Amino acid sequence: MLDKFQDSFREEAYELLNDLERILLNLEDHPESHEDISAVFRVMHTVKGSAGMFGFAEVARFAHEVESTLDAVRNGKIPVTPQLVSLTLDARDHIREMLQEPASAGSKFTAISDELIERFRNHVAPVDAPGSSTVQAPELSLQELTGEQEEATHQQGVSQVDTPHADSSQAQGVLSVNGGLGETKDHVHPVTYRISFKPGESIFLNGTNPVLLLDELAEMGELSAIAYTEAIQPLARLEPENCYVAWDLLLTTKKGRTAVRDVFMFVEDDSELSVEIIDEPEGDEHDPEYRRLGQILVDRGFVEAGKIESVAVRQQRLGEMLVEDGVDPRRIEAALVEQEHVERSRKKLQNELSSASVRVSSEKLDDLVDLVGELVTLQARLTQTAVHVGHSGLTLISESFDRLATELRDNTMSLRMVPIGTTFSKFKRLVRDLSHELGKQVEIETVGAETELDKSVIDRLNDPLVHLIRNSMDHGIEKPADRAAAAKPIEAKILLKAEHSGATVVVTVEDDGAGLNRERIRARAEQRGIIAPGQELTLRYRRVALCPGFQHI
Amino acid sequence: MSENIKVLSPEGVVGIESCNELRVQLLQAFDTADPVVLNFAHIERIDLTFVQLLYAGVREARLRGIGFRFNGDLSKEVGEYLVTGGFCKEVPSQARELENNLVELQDK
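Listed in order, the protein sequences are those of chains A and W.
Just so we're aligned: the first sequence equals residues 0 to 552 in the numbering used here.
Just so we're aligned: the second sequence equals residues 27 to 134 in the numbering used here.
Simulated from the structure, these hints should not be mistaken for laboratory data.
A couple of the hints might just be wrong.
In the DSS-like style, the derived pairs of lysine-lysine whose C-alpha atoms are separated by at most 27 angstroms in a straight line are [claimed, not checked]:
1) A/Lys496 / A/Lys454
2) W/Lys115 / A/Lys253
3) W/Lys115 / A/Lys347
4) W/Lys32 / W/Lys102
5) A/Lys254 / W/Lys115
6) A/Lys197 / W/Lys115
7) A/Lys363 / A/Lys254
8) A/Lys478 / A/Lys425
9) W/Lys115 / A/Lys346
Just so we're clear, the structure is a prediction, and the values are computed from it rather than from any experiment.
Whenever a hint applies, use it, and build me the whole structure from the sequences.
Have a look at this one:
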């Protein structure tokens, strides 16, 4: 039974590691991207926890160490450098290799793991302050590793409650408030903002109706509003043209923080406004429960932690007890609304994600395609027989069956179609590694990543494309000095493009290197007897260059 | 014992432009009547100044020990405005529901 779960875990882990590779390559180009840093950390955190849970102890141990370094990056203690990216890519490859072996085979990787861990520690050590300890992961048992993951999942978001993870959770919160996380870009999954808005008293005078701003927010996603009305004066003292109401707003949306703040653009100067992300569920978030009421109240500064502890000993509902102890009921209601809102949003996201797609092994799809193929063949025979027999009823059934079989065939084939971008992303890593190896600066550009092809075709494309790209980098693209001498940009480009052309998909690999040397091709072709000496070499020389023995020209 | 009821029936859009006038009417009513009834039947739309007036009216009535009642059907726009603003959890269709909601909030 565990084997089955281990297989599922492997599949998911491979996907995560592919994502990790893509994110790391992006991070190398944008080392300031808090979003990517957090994403790298989350992948390693998930791999660590799940590996521990499914018996891959060595993977869990190794990922735990890497995660510690990444946590230091996330907290701004060490910067993102190309060396760190390389090291993390090596770690990613190592994890992948470990996963390809049975879970019990972990010990044979210990030496490599330790070597990589040492490299991580050495990388971190120089940037530590004198006298401080290096970022070193505490020794944890398997149970602690898996338990920790569960706890960290519960603690995700903003938390100041005394837990071993309060620091990292707070750091995450700080990132959310100050960093670039979802600042201008939309989020992949909806996040929940807590917006505290206290309009200036004179807001009505500039023609603003604050509730219309709330209306605008509601159009961005799901909004819960808690109005604070305590400041409204009794009628005799009320200035009708003053605004006395303030709000706590909970907005779940994919919109970035800038878009949310823009709603308040014209009133922000005269108002008190804070916009804070309080919940940022991942696609793999499985826990719909949000923080407890007491935690929310403490986090918001409405109640001191000691008070929660003192009333918790009574066998009553926490909210009622706190009201008895003089806590403002509106604050408790605000915390309850927050709890309900976030849990509702998490459930909604979970439902959407679980119903959006189903993971099916490609082998099962292949079986289905084979069966449909047989069905279509059988259907053709049925059509022939119906024509031969000349029975109108049978012909009618055969025609209906034909329509259904055709539709079934098309649908089945479409199930195997995947975007070619899934394979394109691998080549970014190839180009990056070869660039370092060959001492060349090469950038790969991909076009048409969304173009869909049958999965089996994409699988078969991999090796030829690797060969073409390697060939470009080895022989086509010049050394930086040669490029400079030829007045070319030092950084070379490789274009990997997929496009539809009628019923076919054309995949092109193009580089801005030196191209094919016509005279050398002629000489080699003459030498190999492919063309007669002195024979004119037409445009077909490109094809000649593809003959065996023409590599390296 | 007979009641000295005063019914106020604002009409159309009740917002910042008419709010002070309504405030004065309410104060006068509180001086002379008990209970005071606010009829929502002819109110089409409201803004925040009116919502504040309702809260202020409830507080004033409580200070004076006077009844302050809401009456009539609420327009859809009014009900939705109150929910968007966070003053009610569900869209009220009757003024009575709103009265309970406002009082409930202030009793907490």
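Comparing the hints with the structure gives:
The hinted pair formed by A/Lys496 and A/Lys454 meets the criterion: a straight-line CA distance of about 17 angstroms does not exceed 27 angstroms. For the hint linking W/Lys115 to A/Lys253, the alpha-carbon distance of about 24 angstroms falls within 27 angstroms, and the restraint holds. Restraint check for W/Lys115 and A/Lys347: the C-alpha separation of about 20 angstroms stays at or below 27 angstroms, so the hint holds. Distance check on the hinted pair: W/Lys32 and W/Lys102 sit about 26 angstroms apart at the alpha-carbon level, within 27 angstroms; holds.
With a CA separation close to 25 angstroms, the supplied pair A/Lys254 and W/Lys115 stays within the 27 angstroms bound. For the hint pairing A/Lys197 with W/Lys115, the CA-to-CA distance comes to about 20 angstroms; that is within 27 angstroms, so the pair holds. A distance of roughly 38 angstroms separates the Cα atoms of A/Lys363 and A/Lys254; the hinted pair therefore is violated under the 27 angstroms criterion. The hinted pair formed by A/Lys478 and A/Lys425 meets the criterion: a straight-line CA distance of about 24 angstroms does not exceed 27 angstroms.
A hinted pair counts as satisfied when its Cα atoms are at most 27 angstroms apart, and W/Lys115 with A/Lys346 qualifies at roughly 20 angstroms.
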